[in-house]
Amino acid sequence: ATKGTIKDFYGFKANDDAEALRKAMKGLGTDEDTIMKILTSRSNDQRQQIAVAFKTLFGRDLVDDLKSELTGKLEKVIVALMTPSKLYDALELRNAMKGAGTKENVLIEILASRSPAEVNHIKKVFKEEYGSDLEDSITSDTSGYFQRMLVVLAQANRDPDSKVNDALVEQDAQDLFKAGELNWGTDEEKFITILGTRSNAHLRKVFDKYMTISGYQIEESIDRETSGHLEKLLLAIVKSIRSVPGYFAETLHRAMKTNKNEDE
1 ATKGTIKDFY GFKANDDAEA LRKAMKGLGT DEDTIMKILT SRSNDQRQQI AVAFKTLFGR
61 DLVDDLKSEL TGKLEKVIVA LMTPSKLYDA LELRNAMKGA GTKENVLIEI LASRSPAEVN
121 HIKKVFKEEY GSDLEDSITS DTSGYFQRML VVLAQANRDP DSKVNDALVE QDAQDLFKAG
181 ELNWGTDEEK FITILGTRSN AHLRKVFDKY MTISGYQIEE SIDRETSGHL EKLLLAIVKS
241 IRSVPGYFAE TLHRAMKTNK NEDE
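Counted from 1, the sequence shown has number 54 at position 54 by this note's numbering; the numbering is strictly sequential.
Everything labelled a hint here was simulated from the structure, so no lab data went into it. Any given hint could be a false lead.
[What the hints assert, rightly or not] 25 Å max Cα-Cα, derived DSS-like pairs, lysine-lysine: (1) Lys163 - Lys124; (2) Lys13 - Lys98; (3) Lys103 - Lys127; (4) Lys124 - Lys103; (5) Lys209 - Lys232; (6) Lys98 - Lys23; (7) Lys123 - Lys232; (8) Lys67 - Lys232; (9) Lys123 - Lys98; (10) Lys55 - Lys103; (11) Lys257 - Lys209; (12) Lys123 - Lys103; (13) Lys55 - Lys37; (14) Lys26 - Lys13.
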């Protein structure tokens, strides 16, 4: 489900990237770092242009070459990056909730990192393709505060205003501190409301203010105050708000590490 909402790469040249990717896959061994560096720092549109250039220059299908050169989770992640974004998220979410068991990590990666506009688009495609509402599917496949946070994200009600109200920043930071570190027990609803509805610009300021008030990074407090799938989801939201490319780079790095461990 790792498919970042990365902005267009400045100075992008599809032919240069296509040549670098071909070089990374030619001969003995595969230069995974180069492949990852290029494909994670280009937007989805740019990745589609690279695929066209690759076909034009070498008469080869880029995705086929990537599949034959990579293995395991890294292959899955990189092939996902090369998929046109329109249907991908809806398909991944559907597969994550289909049949026995739920792939919570897929729900987390997609819903924590997409913008409200993207989530609304996913919901539209999901309804058209599968005839059911995304929120209903989430409700029937998950439970507890994890379900509650996912539903809030699926409602796509995050404040679009980029203006920051300093008084509200202070209030939210204090409320998060009181909801976790300051008192016995955790007020999960407070974390869900603030992290699920405030604007990204506002939340970045809240995280800074929280550090000043508590002496902790918000991630440290989430780690201590929550557990299981809810903890993973809240951490993914915080990381995505700080930097979507950063969040995906970390997820990819983890996939590569897992791959190496599996190979060993």
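Verification of the hints:
1. Under the criterion of a C-alpha separation no larger than 25 Å, the hint pairing Lys163 with Lys124 is inconsistent with the structure, at around 29 Å.
2. The straight-line distance between the Cα atoms of Lys13 and Lys98 is roughly 40 Å, outside the 25 Å bound, and the hint therefore fails.
3. A threshold of 25 Å between alpha carbons decides the hint, and for Lys103 with Lys127 the separation of about 20 Å falls inside it, so the pair holds.
4. For the given pair, Lys124 sits about 21 Å from Lys103 by alpha-carbon distance, which is consistent with the 25 Å threshold.
5. Among the hinted pairs, Lys209 with Lys232 is consistent with the structure: their alpha-carbon atoms are about 22 Å apart, no more than 25 Å.
6. For a cut-off of 25 Å, the pair hint linking Lys98 to Lys23 is broken: about 39 Å separates their Cα positions.
7. Proposed proximity of Lys123 and Lys232 is supported: the alpha carbons are some 23 Å apart, at most 25 Å.
8. About 29 Å separates the Cα atoms of Lys67 and Lys232, which puts this hinted pair outside 25 Å; it is violated.
9. Restraint check for Lys123 and Lys98: the C-alpha separation of about 16 Å stays at or below 25 Å, so the hint holds.
10. Annotation: proposed proximity of Lys55 to Lys103 is violated, straight-line Cα distance about 34 Å (limit 25 Å).
11. Distance restraint check for Lys257 and Lys209: the Cα-Cα separation of roughly 34 Å exceeds the 25 Å cut-off, and the hinted pair is therefore not satisfied.
12. Annotation: proposed proximity of Lys123 to Lys103 holds, straight-line Cα distance about 18 Å (limit 25 Å).
13. Of the pairs offered as hints, the one joining Lys55 and Lys37 holds, with about 20 Å between alpha carbons and a cut-off of 25 Å not exceeded.
14. Distance hint between Lys26 and Lys13 is fulfilled; the C-alpha atoms sit about 20 Å from each other, no more than 25 Å.
Of the numbered hints listed earlier, those contradicted by the structure are 1, 2, 6, 8, 10, 11.
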